[in-house]
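Asks: Now for the letters of each chain:
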Amino acid sequence: MAVSDLAQTSKAELSVRGGRVDAARLSMLALVAILLLAPLLAGGFLLYSLSLCFANALAVLSVSMLVRYGGEVSIGHSFFVALGAYAVAIVEHRLGLSIVVSLPLAILLGAGAGFVFAFPSRRLSGIYLAVATMALALALPEILIGFEKFTGGFEGLYIAQDLIPGIPKALQRYYVALGVLVIVCLALAHFRKSAQGLALLMAQAQPRAAEAMGITRSWARISIFTLSAALASLAGALTGFASSTVSPNSFTFFSGVFLLVGSVVSLNRLSLPAALVGGAFITLVPTYLAQAGDWVPILYGVALVVVTLVANAGDLRRFLPRGRGR
Amino acid sequence: MMEAGTSEGLVAEGISLAFGGLHVLNDVSLTLRPGVITGLIGPNGAGKTSLFNCLTGLYHGQRGRSSFAGTLLNGLGPAQRAACGITRSFQNLAMCPDLSLLENVLVGLTLKRRSGWFSAFVPTPALRAEQKEVERRAMAALSELGIASAAHDKPSDLPPGTLRLAEIARAIVCEPRAILLDEPAAGLNAVETRDLMRALKRLMRPDLVLLVVEHDMDLIMELCEQIYVLNFGQMIASGTPAEIRAHPDVIRVYLGDDADD
Chain A
561 MAVSDLAQTS KAELSVRGGR VDAARLSMLA LVAILLLAPL LAGGFLLYSL SLCFANALAV
621 LSVSMLVRYG GEVSIGHSFF VALGAYAVAI VEHRLGLSIV VSLPLAILLG AGAGFVFAFP
681 SRRLSGIYLA VATMALALAL PEILIGFEKF TGGFEGLYIA QDLIPGIPKA LQRYYVALGV
741 LVIVCLALAH FRKSAQGLAL LMAQAQPRAA EAMGITRSWA RISIFTLSAA LASLAGALTG
801 FASSTVSPNS FTFFSGVFLL VGSVVSLNRL SLPAALVGGA FITLVPTYLA QAGDWVPILY
861 GVALVVVTLV ANAGDLRRFL PRGRGR
Chain B
673 MMEAGTSEGL VAEGISLAFG GLHVLNDVSL TLRPGVITGL IGPNGAGKTS LFNCLTGLYH
733 GQRGRSSFAG TLLNGLGPAQ RAACGITRSF QNLAMCPDLS LLENVLVGLT LKRRSGWFSA
793 FVPTPALRAE QKEVERRAMA ALSELGIASA AHDKPSDLPP GTLRLAEIAR AIVCEPRAIL
853 LDEPAAGLNA VETRDLMRAL KRLMRPDLVL LVVEHDMDLI MELCEQIYVL NFGQMIASGT
913 PAEIRAHPDV IRVYLGDDAD D
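Line order of the protein sequences matches chains A and B. Take the position in the first sequence, starting the count at 1, then add 560; the result is the number in this note's numbering. Take the position in the second sequence, starting the count at 1, then add 672; the result is the number in this note's numbering.
It should be emphasised that the hints constitute simulated quantities derived from the structure, not laboratory data. These numbers were taken from a predicted model, which means no experiment stands behind them. Cβ atoms here follow ideal geometry from the backbone N, Cα and C, with glycine treated the same way. There's no promise every hint is true.
Non-contacting residues of chain B with respect to chain A, defined by C-beta distances greater than 10 Å in every case (computed) [to be verified]:
#	residue
1	Ser701
2	Pro706
3	Ser791
In the DSS-like style, the derived pairs of lysine-lysine whose C-alpha atoms are separated by at most 30 Å in a straight line are [to be verified]:
#	chain 1	residue 1	chain 2	residue 2
4	A	Lys753	A	Lys729
5	B	Lys873	B	Lys784
6	B	Lys784	B	Lys804
7	A	Lys729	B	Lys784
8	B	Lys804	B	Lys873
9	A	Lys729	B	Lys804
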């Protein structure tokens, strides 16, 4: 009796799920179509801002991915973003190659740096890991200025090379950033169903059970941090490409904090609309905040305190709508 | 006689475990033979879960040795023992709330999956074939326990009885050679307990080691062919249900207490 009841409810729910999936897919296609056609209507500054927004959305996704799959918070992801951005600039200046080469290189460098950071800190979690990542964010400006010969010091570097010569620069920036963002969102949706994605979610929710199924905690910590850093570095490469310039000003300690705030604003979700909300937030708000002058560090500080209090990963998840697990 | 025991099944010899000055297990030995449902009982605080955790590699005894099918287990952690074919369930339901029941069971197949990091992000035909195959196996495991109809539900929407069975489905899906169940009937009502018992009997194969840790004497008596009784960290009796029922020490420390209630 109970079993047949169950069968009926689950069948009913299945058809509801099917309907919801179709609606979600259609609205996603509509959103992508609108974004694809936007350059016909918008131009100049708006197009530039949107391109930056896409790149920033990717950076927000990298932090959200760490929160979702690792249950961890990073304040220092601006380090990996900067790594990708400078990789593009330096490859162009030193080797004269475009992002065809530097984009994959940025991913590899990000993954490598993420691994190098994650391995010694694989036993850290929660606030301890967050503080360790803070060291990255604090060291970053010093590194950028210290290695002036490569990084151009305070002035930074320009990125001038096109991906496809002949197409207007504004359109290139826009479509490359949008294309990568859509591909990454699709890849993340696929990842949720993959063996590794399921294993990471289990390791986060039930570490002991995961261990009993052969999924060790250090494997989970190192993998998710490496992946997230690779994605942050890819985001950085696109930030550099979309803004045509890299300088230490774009990668201060507060940009790391702001990435985390952007991730919270997008509810740590890994979907395209959520990423766009987070990306728009961290693209636009600093522009308005700039008018606040001396208040900026205080506002950032308040944001940081709020995020660390509320967003201690596990706690944050309680505020998320239940249901679809991403 | 001992030799046959050490090359087959899961064997623990002379296990002692202490936390600081607190001696939890004292020179405990047991042999879990394949094809036999073995029960481990004892009153609360007897050390059942400690012994269980020693067998699964969560704790490491200060003394003693344990081996499985002739392989020495000393020093191996839970993940490495899982790789040896030993799986376990948890007293507190250990389901991931974000995953459906089917996905929770799929995680049990992690060690058997061959798909690499590339196919975690990019769909490939090989991956699709693998996905189909593992889902078929997970569904088969759920069907075997009679809960296939709940496959797509979230754990938070399901009663504890179903989740308990799902934990066992997750433990058997990778076709382990040993299954260790920690209080599988905890929190279940009489009907659910009966379902569970039937499911466990159905699972039994001649090459499978199956250990059930319980404080429910009736369940153990009905289910198991071989029973060990633990009290204050010491193994006070072992034998068939009839032998345990008649054992004077068991009656005193366990059944005696029970009869008074």
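Asks: Now tell me if each hint is right for this structure.
Replies: Against the structure, the hints:
Every CB of chain A is more than 10 Å from the CB of B:Ser701 (nearest about 23 Å), matching its label as outside the interface. Once the 10 Å rule is applied to beta carbons, B:Pro706 is consistent with being away from chain A; the minimum gap is 20 Å. Not every C-beta of chain A lies more than 10 Å from that of B:Ser791, the closest at about 7 Å, which undercuts listing it as non-interface. A hinted pair counts as satisfied when its Cα atoms are at most 30 Å apart, and A:Lys753 with A:Lys729 does not qualify at roughly 37 Å.
Distance hint between B:Lys873 and B:Lys784 is fulfilled; the C-alpha atoms sit about 25 Å from each other, no more than 30 Å. Distance check on the hinted pair: B:Lys784 and B:Lys804 sit about 14 Å apart at the alpha-carbon level, within 30 Å; holds. Between the alpha carbons of A:Lys729 and B:Lys784 the distance comes to roughly 48 Å, so the proposed pair goes past 30 Å and is violated. A C-alpha spacing of about 29 Å is found between B:Lys804 and B:Lys873, which places the hinted pair at or below 30 Å, so the restraint holds.
Using a Cα cut-off of 30 Å, the hinted pair A:Lys729 and B:Lys804 is violated, with the two alpha carbons roughly 45 Å apart.
Hint violations for this structure: numbers 3, 4, 7 and 9, all remaining hints satisfied.
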